[in-house]
Structures are given as C-alpha cells and as structure tokens.
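Undergrad: Taken in sequence, the protein lines are chains U and H. Just so we're aligned, residue 1 is where the first sequence starts under the numbering used here, counting upward by one. Just so we're aligned, residue 1 is where the second sequence starts under the numbering used here, counting upward by one.
Check each hint, because a few of them may be wrong.
[Claimed, not checked] Under 7 Å between C-beta atoms, here's a sample of chain H residues computed to sit facing chain U:
no., residue
1, His67
2, Asp148
3, Ser173
4, Ala217
5, Phe239
[As the list claims (entries may be wrong)] Result set (DSS-like, lysine-lysine): computed pairs, CA atoms no more than 30 Å apart in a straight line:
no., chain 1, residue 1, chain 2, residue 2
6, H, Lys234, H, Lys25
7, H, Lys142, U, Lys140
8, H, Lys145, U, Lys145
9, H, Lys105, H, Lys142
In case anyone wonders, no lab produced these hints; they're calculated from the structure. Just so you know, even glycine gets a beta-carbon here, dropped at the ideal spot from N, CA and C.
Number of protein chains: 2
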Amino acid sequence: MMSEKIISVAYQGEPGAYSTIAARKFFTSKIQLIPNESFDLVFKQVEENYSEFAVVPIENSLAGSIHQNYDLLLKHELFIIGELKLRIVHYLIANPGVSLANIKKIFSHPQALMQCQSNIASLGDKSIIPTYDTAGSVKKIKEEKIMDGGAIASDLAAEIYKMKILKNELQDSPENYTRFLLLSKKERIKKDSDKTSIVFSIENSPGALFRSISVFALRDIDLYKIESRPLHGKPWEYFFYIDFAGTLSDIKCRQAISDLQELTSYLKVLGSYQRDLNYLSKS
Amino acid sequence: MMSEKIISVAYQGEPGAYSTIAARKFFTSKIQLIPNESFDLVFKQVEENYSEFAVVPIENSLAGSIHQNYDLLLKHELFIIGELKLRIVHYLIANPGVSLANIKKIFSHPQALMQCQSNIASLGDKSIIPTYDTAGSVKKIKEEKIMDGGAIASDLAAEIYKMKILKNELQDSPENYTRFLLLSKKERIKKDSDKTSIVFSIENSPGALFRSISVFALRDIDLYKIESRPLHGKPWEYFFYIDFAGTLSDIKCRQAISDLQELTSYLKVLGSYQRDLNYLSKS
Chain U
1 MMSEKIISVA YQGEPGAYST IAARKFFTSK IQLIPNESFD LVFKQVEENY SEFAVVPIEN
61 SLAGSIHQNY DLLLKHELFI IGELKLRIVH YLIANPGVSL ANIKKIFSHP QALMQCQSNI
121 ASLGDKSIIP TYDTAGSVKK IKEEKIMDGG AIASDLAAEI YKMKILKNEL QDSPENYTRF
181 LLLSKKERIK KDSDKTSIVF SIENSPGALF RSISVFALRD IDLYKIESRP LHGKPWEYFF
241 YIDFAGTLSD IKCRQAISDL QELTSYLKVL GSYQRDLNYL SKS
Chain H
1 MMSEKIISVA YQGEPGAYST IAARKFFTSK IQLIPNESFD LVFKQVEENY SEFAVVPIEN
61 SLAGSIHQNY DLLLKHELFI IGELKLRIVH YLIANPGVSL ANIKKIFSHP QALMQCQSNI
121 ASLGDKSIIP TYDTAGSVKK IKEEKIMDGG AIASDLAAEI YKMKILKNEL QDSPENYTRF
181 LLLSKKERIK KDSDKTSIVF SIENSPGALF RSISVFALRD IDLYKIESRP LHGKPWEYFF
241 YIDFAGTLSD IKCRQAISDL QELTSYLKVL GSYQRDLNYL SKS
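One chain only, chain U, in its complex shape (with noise of 0.2 Å):
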C-alpha cells in the first residue's frame, strides 16, 4: 500500500491561528500545518522546500493592508496560486476563573488590535501589548498564568488552549475580512484563474502612474486593487502592486503587460490565480 503524501502548508502564528482556519479552506485533503514565528520565516520554507505551501494574510478590510507580505512577496521567489476571503470574529479570551472585571492588560497582534480598537477603549482603561501573534497571546497567557490579562484572538485558539471567551464580536465592525493568499514555488495557473497580481516600479516622472495604469484601461481590463510601497534606497519613490482581471493566457492581458513593460524599470508577476468572490461590497 502506497502512503499518502500529506501535504505540508507554513503559517505565521501558533495553532489557531487565523491563518490556519484559511489554511484549512484552501484544501479539502488533509494538511500539516507548520506553526512559524515570522513571515520571513513563513516564506523562506516554502522557498527552500521545507513546505509545498504558504498561507499568509495580504488585507484586511478594516486595517488595511498587511504590508510586510507585500515587500516579502517582491524579496522572494514565490507564485500566488489562491486567494480567500475570511470573514475574522474576535474574542476576549482570559484563564479559566477570570473575569472581564479581573482584566487590566489586552495581549494580540497589532493587526487584531487595530480592528478592535473602539471596543477595546470602550472596555475602559486596558494596557494594550502587542504581541507577535493572536492565537500566541492565549497560549502565553495560559504558560505564563497571566490572571489579569486577556488575549484577543480566534475561538479556535480558546478550544486549543481550553480557556475562556470573556466576550465575541470584539471587532469594531461586523464587516471585518481578512484575504489570505495561498503561496507556492512552483507557479500552478488553474484553468478557472480570473485574476492577475504584478508588482512594478516607474520613474518619478509626470504622467508616469496614469500611462501605466493606462495600458488597463484602454483595454477595458477591470484593476481589483492598487497599492504602493516605498522603495528602499530611492526615498519617495514607490513600487506598485496591482491586481487585475484576467490571466496571460488572455491576449489582451499579455499585451497590457508587454505596453508596462515598456514604461517600467522593474517588473515581476506574482501569480494568476480563481478570484474569491465572497464578501464583495453589495453597494
């Protein structure tokens, strides 16, 4: 009997971690998550093999975007090949025996305390401690027996770590989403792709951001999302990170693409990949 090859998909976190709810989603078979401590970290495992895959989260519709990946998505050699949209439930999650009265310190990830940062005021006067990670501020509280601390996270990571939720829907919004990406070595362009994601730097000249956006527009190809980042070494000159619809294997999409070339000094393709269409704005 042949064994079944499992296959392996690193995360940032710990277990719990929101990005592995979207981990599990991104496959039906079963999966080894591997827990890492950075993104950088995250990345270099798939690059150097030590996993097939990578799910990392790119944006959240109340923060913003997570800019780090987006600078590790240019550092190093990976292809976007999914993408999910997650829609992210908060808890206050304390040791057994606390109660929300016992509670003077808030640990999360900076990302989980900005989407909670109305509610949290509103709990009255809390130190806030940035963590490096959700599910990791229930599992230090727990080891470290904090009782007048709480831990904002998933409630996976309450069952994990069998503690109690204080308090759910700690997100200033109901409208809180989280897109993750699901990364891998190997570029995997699945026959439903509908979605293309580059990154590029222009000069600094006048024009210059209208003619390469241009080159979309004037074929009517939909762009989903714009973003810029600083480049590093050139102050206030930016790299720009741009989705659009459609993949290379539209003739029209490999021509926008061949006309930016022409006006840009740098050019990469991150990947094409099924455009998640869940949670789209209904205005």
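Keeping the supplied structure of chain U fixed, place chain H upon it in accordance with the hints.
TA: Frame of chain U; chain H shown alone:
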C-alpha cells in the same frame, strides 16, 4: 508691554520624540510643545483649540505610510498647512553603565523597529518590545531601571534623559527620511504654496481610478503620491489620498478638482502648502 503669545504645538510621544525635532524646524519663533499619548489625542487637541498646531509624521522612506494619520486626516477637520522632510538617525540608548553585551530586550515604537529590522537582527538574539513612542522607551528604561534593555530613539532623547548611546546610525539605510505634516484648524494658504493634498472615494467600477487620475494627467498636473485606505463598512472599497502639484488658486487645478467631483462619491481637500524639496531622489 504686551506679552508675546507663545505658539502651542501638539505632538505624539514624549520630549525627545522625532516630531519635536520636526516641530522646531517648522517655526522660527518660540514654541510650546504639548506631548500626547496617541495621534488621536493630537488631532483632538487642535480641533478643540487646546493647541494651535499639530506636527505628525505621515510617511517614512523605509517603512512606508503612517496609515493611522491618513485615517485621522479624514476623521478630523484639520488642514495641512506645511510639510517637512527630516533625515531620521536612530540610536540604541541604555542606562549609564550598561554595555551592548548586557542588552537582552530592545524597546521602541513599531515604526522605528521596522526601520532598524536588519540591524537589530544582526545584534543577535534580542526580545523586541514594541512601545507607543521612541523617546517614551528611553524614559521607560530609565524610570524602571531596566538594565538588560535598550531603547531606539533620537540622540535628543538620550540627552534629555541623560542616558548612554550604545550605537548610532541603527537604521537599515542611511536614506531614512520621515515626512511630517503641520496641521491647523484654520486653513492658511501661503503665497509660496505649490502642492495640494486631497482624499476621495470612487465607486468600485472598471476604469474608475483611471478616470479619476486622468483629470490630472490631461492637464499635465504632476501627481506626487497616491495612497489607498480601506473604506470601513464597505469591504474592498477604498479611499484614495492624492498629493498633486499646484494649488486651488491655479485655474487648471480648480478645473481638475471640479471634474473629479463629478466622478467621486466623496471628495475633501486636505490643504495646500509649500512642497519640501529636501532629499528628493537623485535618480
């Protein structure tokens, strides 16, 4: 004799924060610097007339935009009336008698930690502890007599708190600049103003961003920066912040804004001011 009115300027952080260095460069006359724990409080200080001006960082050439302040520009009714680019030199600061070998923990603001990421990593295995302020971290390790900890802050902070500098030029690149904004409740457009900042939102339709930018391109108006931020409550829609060349006293800029108003669901002029030409990329 009339007593001279001293100008009050609100900033985030503690005495010795980089914002205080920027604030002193904005004014030739004597100013009173008002420290605040958060950026939100800084904006409120000016809005509620407790301070006449505020100085806030908006963008760093290594770490990127300070998104929170973009969001606060939208939320509060203040005008941008000036900008200043400051070269940022970070120092590793400790209590007198402490040497580099003693340092196990490094305290600073997340932005400063990001700007020194690689250099911190090269110092070996240190715990990184994010705090609310650079100078505030120096104050903390002094007041709490933390002998195994260092803080990343300005040399001014080391001087104010009478602490020891262990390392200088800790930022990962010498090309580390922060752009600061001068804010006021009253719009004050000076004669030498040549740059304007606006924010707008557009409906999520193909080509919408292209059409918005075209109102500038068609009139040869240079765009200095474009930045997107999520629109709360409408996942995957964005506010766009644009800085462009010119002011509303130029007819072509007025016409561009008037055209843009037809295309946008929301538009706000944040202010016109003199562009700081320091540290422009030489490429």
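Undergrad: Each hint should be assessed against the structure and marked as holding or not.
TA: Verification of the supplied hints:
| no. | hint | verdict |
| --- | --- | --- |
| 1 | His67 | holds (6 Å) |
| 2 | Asp148 | violated (18 Å) |
| 3 | Ser173 | holds (6 Å) |
| 4 | Ala217 | holds (4 Å) |
| 5 | Phe239 | violated (10 Å) |
| 6 | H:Lys234 <-> H:Lys25 | violated (40 Å) |
| 7 | H:Lys142 <-> U:Lys140 | holds (27 Å) |
| 8 | H:Lys145 <-> U:Lys145 | holds (25 Å) |
| 9 | H:Lys105 <-> H:Lys142 | holds (14 Å) |
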